[in-house]
Each structure stands twice: as C-alpha cells, then as structure tokens.
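Student: With chain P's structure known, arrange chain E on it following the hints.
Residue-level listing of the chains:
There are 2 protein chains.
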Amino acid sequence: MGNKLLLDQGSGGLASHRLVADVFLRHLANPVLARMDDAALINPKGPLAVSTDSFTVDPIFFPGGDIGCLAVHGTVNDVAMLGAKPLYLTCGFILEEGFDLDDLERIVASMARAAKKAGVRVIAGDTKVVGRGAADKIFINTTGIGEVVSSRPPSGHRARPGDAVIVSGTLGDHGLTILSHRQGLSFEAPVQSDCASLNRLTLKLMQRLERVHVLRDPTRGGLATTLNEIAQQSGVGIHLEEPAIPVKPVVASGCEVLGLDPLYLANEGKLICILPGKLADQALAVMRRDPLGRDACVIGTVTAENPGKVVLRTGLGGRRLLGMLEGEQLPRIC
Amino acid sequence: MGNKLLLDQGSGGLASHRLVADVFLRHLANPVLARMDDAALINPKGPLAVSTDSFTVDPIFFPGGDIGCLAVHGTVNDVAMLGAKPLYLTCGFILEEGFDLDDLERIVASMARAAKKAGVRVIAGDTKVVGRGAADKIFINTTGIGEVVSSRPPSGHRARPGDAVIVSGTLGDHGLTILSHRQGLSFEAPVQSDCASLNRLTLKLMQRLERVHVLRDPTRGGLATTLNEIAQQSGVGIHLEEPAIPVKPVVASGCEVLGLDPLYLANEGKLICILPGKLADQALAVMRRDPLGRDACVIGTVTAENPGKVVLRTGLGGRRLLGMLEGEQLPRIC
Numbered sequence: 001m002g003n004k005l006l007l008d009q010g011s012g013g014l015a016s017h018r019l020v021a022d023v024f025l026r027h028l029a030n031p032v033l034a035r036m037d038d039a040a041l042i043n044p045k046g047p048l049a050v051s052t053d054s055f056t057v058d059p060i061f062f063p064g065g066d067i068g069c070l071a072v073h074g075t076v077n078d079v080a081m082l083g084a085k086p087l088y089l090t091c092g093f094i095l096e097e098g099f100d101l102d103d104l105e106r107i108v109a110s111m112a113r114a115a116k117k118a119g120v121r122v123i124a125g126d127t128k129v130v131g132r133g134a135a136d137k138i139f140i141n142t143t144g145i146g147e148v149v150s151s152r153p154p155s156g157h158r159a160r161p162g163d164a165v166i167v168s169g170t171l172g173d174h175g176l177t178i179l180s181h182r183q184g185l186s187f188e189a190p191v192q193s194d195c196a197s198l199n200r201l202t203l204k205l206m207q208r209l210e211r212v213h214v215l216r217d218p219t220r221g222g223l224a225t226t227l228n229e230i231a232q233q234s235g236v237g238i239h240l241e242e243p244a245i246p247v248k249p250v251v252a253s254g255c256e257v258l259g260l261d262p263l264y265l266a267n268e269g270k271l272i273c274i275l276p277g278k279l280a281d282q283a284l285a286v287m288r289r290d291p292l293g294r295d296a297c298v299i300g301t302v303t304a305e306n307p308g309k310v311v312l313r314t315g316l317g318g319r320r321l322l323g324m325l326e327g328e329q330l331p332r333i334c
Numbered sequence: 001m002g003n004k005l006l007l008d009q010g011s012g013g014l015a016s017h018r019l020v021a022d023v024f025l026r027h028l029a030n031p032v033l034a035r036m037d038d039a040a041l042i043n044p045k046g047p048l049a050v051s052t053d054s055f056t057v058d059p060i061f062f063p064g065g066d067i068g069c070l071a072v073h074g075t076v077n078d079v080a081m082l083g084a085k086p087l088y089l090t091c092g093f094i095l096e097e098g099f100d101l102d103d104l105e106r107i108v109a110s111m112a113r114a115a116k117k118a119g120v121r122v123i124a125g126d127t128k129v130v131g132r133g134a135a136d137k138i139f140i141n142t143t144g145i146g147e148v149v150s151s152r153p154p155s156g157h158r159a160r161p162g163d164a165v166i167v168s169g170t171l172g173d174h175g176l177t178i179l180s181h182r183q184g185l186s187f188e189a190p191v192q193s194d195c196a197s198l199n200r201l202t203l204k205l206m207q208r209l210e211r212v213h214v215l216r217d218p219t220r221g222g223l224a225t226t227l228n229e230i231a232q233q234s235g236v237g238i239h240l241e242e243p244a245i246p247v248k249p250v251v252a253s254g255c256e257v258l259g260l261d262p263l264y265l266a267n268e269g270k271l272i273c274i275l276p277g278k279l280a281d282q283a284l285a286v287m288r289r290d291p292l293g294r295d296a297c298v299i300g301t302v303t304a305e306n307p308g309k310v311v312l313r314t315g316l317g318g319r320r321l322l323g324m325l326e327g328e329q330l331p332r333i334c
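Chains P and E are the protein sequences, given in the same order. The end of the first sequence is residue 334 by the numbering used here, with every number in the run present. The end of the second sequence is residue 334 by the numbering used here, with every number in the run present.
One thing to keep in mind: the hints can contain errors.
Pairs count within a copy or across copies, as identical chains cannot be separated in the list.
[As the list claims (entries may be wrong)] In silico lysine-lysine, DSS-like type, Cα no more than 27 Å apart, as pairs:
| no. | residue 1 | residue 2 |
| --- | --- | --- |
| 1 | Lys-45 | Lys-137 |
| 2 | Lys-117 | Lys-204 |
| 3 | Lys-45 | Lys-85 |
| 4 | Lys-85 | Lys-278 |
| 5 | Lys-248 | Lys-137 |
I should point out that these hints are in silico values taken from the structure, not numbers from a laboratory.
Next up, chain P with everything else stripped away, as it sits in the complex:
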C-alpha cells in the first residue's frame, strides 16, 4: 500500500505545490526558503566556498544513514574542506513516478536533521518527477555555500615537503557498508557508514591551527585517489606508512572477502589534514577531542621525492606505488 508519487506532482502546477508544502517546506522550513521566489536572497560575508554534488547512492537506506543525510553531509564536507563555515544548501530532487511518498518523507526528514545538526539552512529547492524507469527512485543534488573564515584557505595545491599527513579516523567504512549491503552480505560485527558532517571539526582545526595546508575528504576513489590528486596538484610526493593507516577489523576482513582495498573505498565522514610536521601533535589533540576525530592519526609525510606520486611502505618494509582508482566499477557509492 502506501502513497506513491504521481507524475503530476512534478508538473509545476497545483499537485507540485501541495507536494512542496506537505513534504519539503514542512521539514525544511526557514524564512529564506518560505518566501518561495524564483531565487533565494541571502547576505553572507566575505569570500565564499561553493560546492555541488549529486547523490545517486544505491541502496537509498543503508546502515548508518540514507541518501538524504548523505546529500547534506557530502556537500557540507566539501565546503568545510576549504576551511569555510557552511551556511546554506540548495536541494534538487529528481524522483521516479511511483516512488514511495513515505520513503520520500523519511529522506527529507533525515536531510532536515542533518542540516540542523550541521548548522546549515536549505534556502532553495527544486523537484522534478520523471516517468517510471527513467530514474531509479530518487537522486538528490545539493549545492553548498559557506563563508571562508581563513585568510589563506586550505587547498590541494598547498602540500609542502615536511608536512604530516593525518586522517581523522578509520577508512573504508562507507564504501564497504554500501557494497556489502547491496550484495546482501553480513559480517560477524556490524559495519555502518561513517557519514557525518565534519564542519565543526574543520572549524576547530582552522581556529586553533592557522597553518593547515590541505583539508580534503576522501570520498569516491578513497584515500589513495584523493592523495594522488593532492600530490599532483601540489607537485609533491606523499609517503604513507601502511601499518599506521586505521582500518576497522570488520572492514579489513570484509574487504578481503570481497576482494576490495580499503584505501580505494569511499568515506563520507573522514578528512585528510596536511600541515607542517611540527604541528601534527597539536592537530591530533584537536581532532581527538572531537567524536568525529577520535581515531585520528598520522599516516605519512609529504616529500620532495616522487613528485605527483603516492608511495606506500608496507608492514614488511616493501614499497609500492598507490595509483588512482582504476578500472574498478563501484557505481552509486554516494
């Protein structure tokens, strides 16, 4: 049973207005959104960070989250990685005719909770409905806007030899959760997505440590791909110590079963922080005081050697190049 979405609810007419009022405005209401003009009017200060992301994750509900809160966390985090304070989100929904309206409401309510927790407001939205089979249930685009709080925002271009490479916690949780859930696998211990908004953690880092060089969240493509991007943008090498890289035992064994490498799996609530080596302890102290940075640790260093490359020193002392994610097909992970 349950109410199903009709094509008409995307027509822009009366049925659309009712859907917007009943579902979207009810959960996401705020004075800016409530004006319902063609565009929202905001008055932020100073330079801004802007990021956009579309979410097509399958399944749409998974242990630890759903496509709604993920769409908030993902974009909040991208804005936060510029050392900015995320303030505003826009949301674009593409919905399939026949989609369950109770599921839609559950997703929108989850977005509202995630937005409230992250301190951002949804200021503009759009809903399109396409015929059965023209989309898979629900896709969400979010665009985030935040105020830049630092005079020198962190950037993938700013890694320098001698910098320490820190991660805020264990790797691969989100990716393994989605892939194992999709395949109907269960493990001895529960595994769940790490999806969370990191903006309070990044703000603390920026306030206490002016000299953060790079902040980046290793989502699609995982740690290895993100570090390759940074190595190339900054023209530096990155050397990692494999034994130092935190991976939950259940994720490590799940990866073995599925033939996956946790260093290439998506994370949705973790960040990479690169800053001068002598500040590493201070950064770790800040991160470990935050629940989302409890397992933070130094995993490597930035080098002048091997510019553009990421080199992993394994537990046995061998070295291997970690390239970007290549040839694997892990669609709809976020």
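Tutor: Same frame as chain P, now just chain E:
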C-alpha cells in the same frame, strides 16, 4: 559506433579525471574551476540571489536548444528574476552508462556557449554515472549565484493593485516545441523553443525602472500557474485581457491540435514584469529595444478584488477563473 560512457568514468578515479579534463574542463575552463579543490572560492559583493534547478527534458535535443543550454538559461533566469546579476553556476551531471560521449560533448559545448553569452562562469561541477536503465541518458542540475543590484529586489510578494502586468513576448513556444517534437508532429510553420537567458533584459529593467515590483519567468505550469502564485503571494487579484496575450499563430493552432492551452505551457525565455501602471509604457520601451523583449505587451492589471485569483476576460467579454495547472501530465518539459 561512437564512444559510449562507461560506468568506470563515474568512479571518482582515473577514468573520471580523464572525462572531467577531456570534456568538462576543456569547454568550461576558467581559473576558479581549474583549481579543482573540493569547493570553489569566490568573492562576490553584497546580498546574493541563489537558485537551483534540475533539468530532465526529453528529448535532450530539440528545435531551438538542448538540455545543456536550457540548464544554463533556466537557472540564469531564476537568479535574474530577483533583479540580480547572475555570475556563477555550478553543474551536477547524472549520466547513464552507455550515453553517447559525442552527445555529451555537444551538450557541454552548448552549456559553455550559453554561459559565455549570459556572462556567467561555471565554478564547480560533479559527475555521477549510473547503470543502464537507472537514468534516462542525462540529467543536469544547475545552481546559480548572482549579485543583487537593487536595494528592493522584485518579489512575488510585491504586486499591488493598480500595477500593470507585462509579458516580454509570445507564450507557449517551449512547451509546444517539446510536446510536438516528442509526439513526432510537425506544423505548417516551424516552431522552436524560446530558451534564452534574460539577465541582460532584467538588468536593463532594473537600472531604468527602480520600481519594478515583480519579475518572474513562467516556466513549468506556464503563465497561468505563475500568475496564480504571484496573486497568492501578494494577496491581490490579477485580471488578464485574453486578446492582449501574445501567442504565435503556429503555437495557437498546434495547441488546438494537441488539446493544450498555451497559458499553461512552459516558457524558457519569457518574463512577467509587474510594476506601477504609470510606468508600463516606459517598461515596454525598454523591453522592446531588446531582441528578447521585442513582442512585449501589457496583458492585464493587478486588482484589489479577487485576492489570490487570476481572472481572464475573454475576447467575447466573458470572464473565467484561471486556476493553477491541474491534473495534466506534462513531465520532463524542462
């Protein structure tokens, strides 16, 4: 033949980076986008107008445009309707595995031309690839940011009794083009989408006529639905003179064939301007000097009677209520 999109190109790994470099950056490049951090850094002035819109139009190529330029025009126009100067766009692509890469390139090139013409820069983007059958070819979300140039931005809440209601040109062109193209119909005269960016026209209006009360582009749901929204937001009545409403003969006859009402069809390059009646001639003069406002005319007035309603006086002198679009199924018109 032709190159087809692979799932791998949405993985976030090496294949994704190549796609971004080969297609997106090549056409849309600018210094902000080129930094390729998690978020873009911009430094706009003063209050901002922000709007988001997803585009799912079917067919993706149609007479007068394509989903790419439409995604630029649509969001540029929404920002412009706040009397703002659109400056920045973000783009989120959701692509179906197997989508033709030549078509993708044609669409991105069309976006680039439309953005250049409108004077906006694409500052951030995202690409997701979903499996065959999980989306229909290509969906595009654009979010636009513009600087508000007026101390009292136009708003759907500001229509006042005595105001004139002006449209910038003929109605129904886009909607009829899409629907007839989809059904394989052709008419004696060519019909094509009016899709265009109206921001230069709105800027002229705002500069010459401080007292513009409402600007709104009548897209999905058409003129009738948009005027109902304004009547409700402002708590006023809107009286229209049917003979004054401009509709191209080919659109009028096409609508008769298909059983459609041009007042409910989507427009993608037209605006409604509502302002004090005594300024109507001045506004018409400004609009008619612009190629996109050549056919501008006054179509009605704002009244204190019938608050929240739109009343149409027909050519025969009768009156009827024009409600919002209701019960019709015209999906994927934009």
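Student: Please name the hints from earlier in the document that this structure breaks, with their numbers sorted from lowest to highest.
Tutor: Failing hints, ascending: 1 and 5.
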